[in-house]
Amino acid sequence: MASTTRARLGEEVWKSRTDKINAELVTLTYGSVVAQLCKDLDGDYAEVNKQLDKMGYNIGLRLIEDFLAKSNMQQKCANFRDTADVISKVGFKMFLNIIPTIANWSSDNKQFSLLLDENPLADFVELPDDGKAQGELWYSNMLCGVIRGALEMVQMQVDVHFVSDILRGHDTTEMRITLIRYIDDEMPQDDE
Amino acid sequence: MVVYAVLILNKAGGLIYQRDFNPGLQKISANDYLIIAGTFHGVHAITSQISPTNDTGSSGLEVLESEHFVMRCFQTLTGIKFLIFAEPRQPNLDVVVRRVYELYADYVMKNPFYQIEMPIRSEGFDRHLAAYIKPQA
Amino acid sequence: MVVYSFFIFDRHCECIYIRQWLESTSTPAPAQPLSRPVTASSATTTATSTAEKPTSGNKLSMAEQAKLVFGVIFSLRNMVKKLCGPDDSFLCFRTGHYKLHYYETITSLRFVMLTDIRTENLKLSLHQIYVNLYVEYVVKNPLSPVEHAGGEGVNNEMFELGIDGFVRTIQ
Amino acid sequence: MNRDPSPFRPTSTASTATSPTPKYANLTASTNIRYSLTRKSIYDRHLNRTKTSELSKSAFAFLFGEMVQYAQKKVYGVQDLEKKLNLHGYAVGQRFLELLLWRDGRTAKRETRILGILQFISHQMYRAIFQKQADTLEKVRENEDEYMISDNDPIVNTYISVPKEMSQLNCGAFIAGIIEAVLDGHCFPAKVTAHTAPNDMWPGRTVFLIKFEPEVLEREALRVGS
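Residue numbers (our numbering), protein chains in the order written: chain C, 1 to 192; chain F, 1001 to 1137; chain A, 2001 to 2171; chain R, 3001 to 3226.
If you're looking for bench data, these hints aren't it; they were derived computationally from the structure. Predicted, not measured: the structure shown is a model, and the values here were computed from it. Check the hints yourself; a few may be wrong.
To be verified - Chain A stretches covered by chain F per the calculated footprint, using a threshold of three residues with CB under 8 Å from any CB of chain F:
(1) 2008-2016
(2) 2134-2148
(3) 2155-2168
Claimed, not checked - Heads up, simulated DSS-like pairs for lysine-lysine below, C-alpha to C-alpha not over 25 Å straight-line:
(4) K3132(R) - K50(C)
(5) K20(C) - K3132(R)
(6) K3051(R) - K54(C)
(7) K1027(F) - K2081(A)
(8) K76(C) - K3083(R)
(9) K2082(A) - K1027(F)
(10) K20(C) - K3057(R)
(11) K50(C) - K3073(R)
(12) K3073(R) - K39(C)
(13) K54(C) - K3132(R)
(14) K1011(F) - K54(C)
(15) K3132(R) - K39(C)
(16) K3051(R) - K3164(R)
For glycine and all other residues, C-beta sits at the position ideal for the given N, C-alpha and C.
Sequences and hints are given; from them, build the entire structure.
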């Protein structure tokens, strides 16, 4: 499935089949969630990353249904490259109204990166200057969990993590996505 | 367009939702519905195995017809099955099943008090489903 | 309209007749008819005397296919009966790739035909096969036994020709 | 209920930042926030850039739902859960207040009357955040210090079905927190709670009950008197 058709699908679903709300409400709500986590875990940023990923995973398990229902996708992706197109051009477009660029494909087509030149979750955000956050906190880590949860529901086990983030002073915000394996469907016990 | 009943099965074939909308099917105990759901789940998988054409990933049963009803089964890529029972020769069941899936995605998946794979008790889902199915009867 | 295969199951849930048409050729060149009958319910799949020719399209042997097909129609038939009461009967089901038509006589003889998905409901055709072919050439055939344990006596000459002719007409 | 002024409380300990590698630029000596040379920091981007940008309602619904579930794991009972949601809303409300007043620029009027601030909330503020005005603004007749703002279908509750055993819960407590932050920000300290008040047209209708602190009433009386 050419990536242009995926782009058109993403555009069409965003225009005609998505209820829209004020982006800043999501930005600030996400901010309050991260802040609450930082407070609850009193600054243990590694733990905050893990918790954000877990919350994202819980969302991903549910979000995939909304994605499939609204995008009306019937067939599974032909290959992992097609999956990358669908995530970026349909998934991100439909939910966050951004289209991250796909880059750095590994030679075995099992790894790629998503470059978020725009990240609505991180608007107005400056990490705490306690000398730790900028080295340890991945602010938008919930996105990694969402992708991992969603793909697991369509039988793809993946690892997703941030490698760079503008909030940390890097030049780009980059997520690395690696296909671990395709999970085969559980067969019902053959009771015939 | 008369819809008799809607059933939803989770990935393991467990019945997570059953509701009658119009008379047309027999009055069946909840337990019997559980058995029907379980058997259908097994049958659905086998129907794709016995496909004579050699397409890979052939889909399982999609439409079942009997003298008194037609049943549309829509299985999502995530394994959830939606079964819509309606009067025979019902034209747009595909549209109906897609709409039910959207309502499920909205009022069940987005309800924080719903636990995945468990029976659905979301008042919002019931209300919107009835609002969608009832007037057409 | 393409016919893929045709099964008959008796009231003992045994497969007494299997007929398969190669999917690729448009005219139904007779496939390797089953020379040794296969019993659907028999646990061990009796190897047919002729070389086990895998049916076109999938790896299931004819015996396994018959067993699975029976499992499916038996469950669906009971499901329909439970859902709608005894006077309702299961007609057919369709997947994305094929359609299975079903006809059951009062004597619990079950006729099953698999076709492509565009075929209209074949209940009448199966009924005609039962009346004009099965009753005429099998039931009334003095040589064939009363019960067809293991499909004995069903695949006689006249019946085979009748089936071929019939399939060509509804092609 | 300590309302922490800003969630990012800079720790007082002297920061032992690793010596910033050359490619980072520090804005000022006092902070060790690193910014990449090429990328503009948030201070260079115009605040109105995302004024009209939109996201999908589903994204918010899933985020909010997960927030509710996370809060639910940490509390016992409906009141605590509503308090947590109120806190989240308060943090959001504080920021929205600053953002919106900044955006009003010179036209921003400092509200001095109760009715004025309530109208600001139910019209401009509500429209800016939820893209629609609040549906009604009423005064509670029986007691002087209570007012009500109602919303027929608050977006936080659209997809939420509260189970029977928690029937008292209204996740609109999040919006109540926003309203409370705006009121506090305008020196009209008050307690705001969300209550489900369905009518046949709107099963999800929610009423935000605003109960002002006594000093607000005294000030109001003085102002009306003079």
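Results for each hint:
1. 2008-2016: violated (count 0)
2. 2134-2148: Violated - the stretch 2134-2148 of chain A has 0 residues with a Cβ nearer than 8 Å to chain F, which falls short of three.
3. 2155-2168: It is violated, with 0 qualifying residues against the three required.
4. K3132(R) - K50(C): Violated - the C-alpha atoms of K50(C) and K3132(R) are around 36 Å apart, more than 25 Å.
5. K20(C) - K3132(R): holds, 12 Å
6. K3051(R) - K54(C): Violated - the C-alpha atoms of K54(C) and K3051(R) are around 30 Å apart, more than 25 Å.
7. K1027(F) - K2081(A): holds, 12 Å
8. K76(C) - K3083(R): violated, 43 Å
9. K2082(A) - K1027(F): holds, 10 Å
10. K20(C) - K3057(R): Distance ~5 Å between K20(C) and K3057(R) Cα, so the pair holds.
11. K50(C) - K3073(R): Given pair K50(C), K3073(R) holds - Cα atoms ~16 Å apart, limit 25 Å.
12. K3073(R) - K39(C): holds, 16 Å
13. K54(C) - K3132(R): Given that 25 Å is the threshold and the Cα spacing comes to 33 Å, the pair is violated.
14. K1011(F) - K54(C): With a Cα-Cα distance of about 22 Å, the restraint between K1011(F) and K54(C) holds, given a limit of 25 Å.
15. K3132(R) - K39(C): violated, 33 Å
16. K3051(R) - K3164(R): Violated - the C-alpha atoms of K3164(R) and K3051(R) are around 39 Å apart, more than 25 Å.
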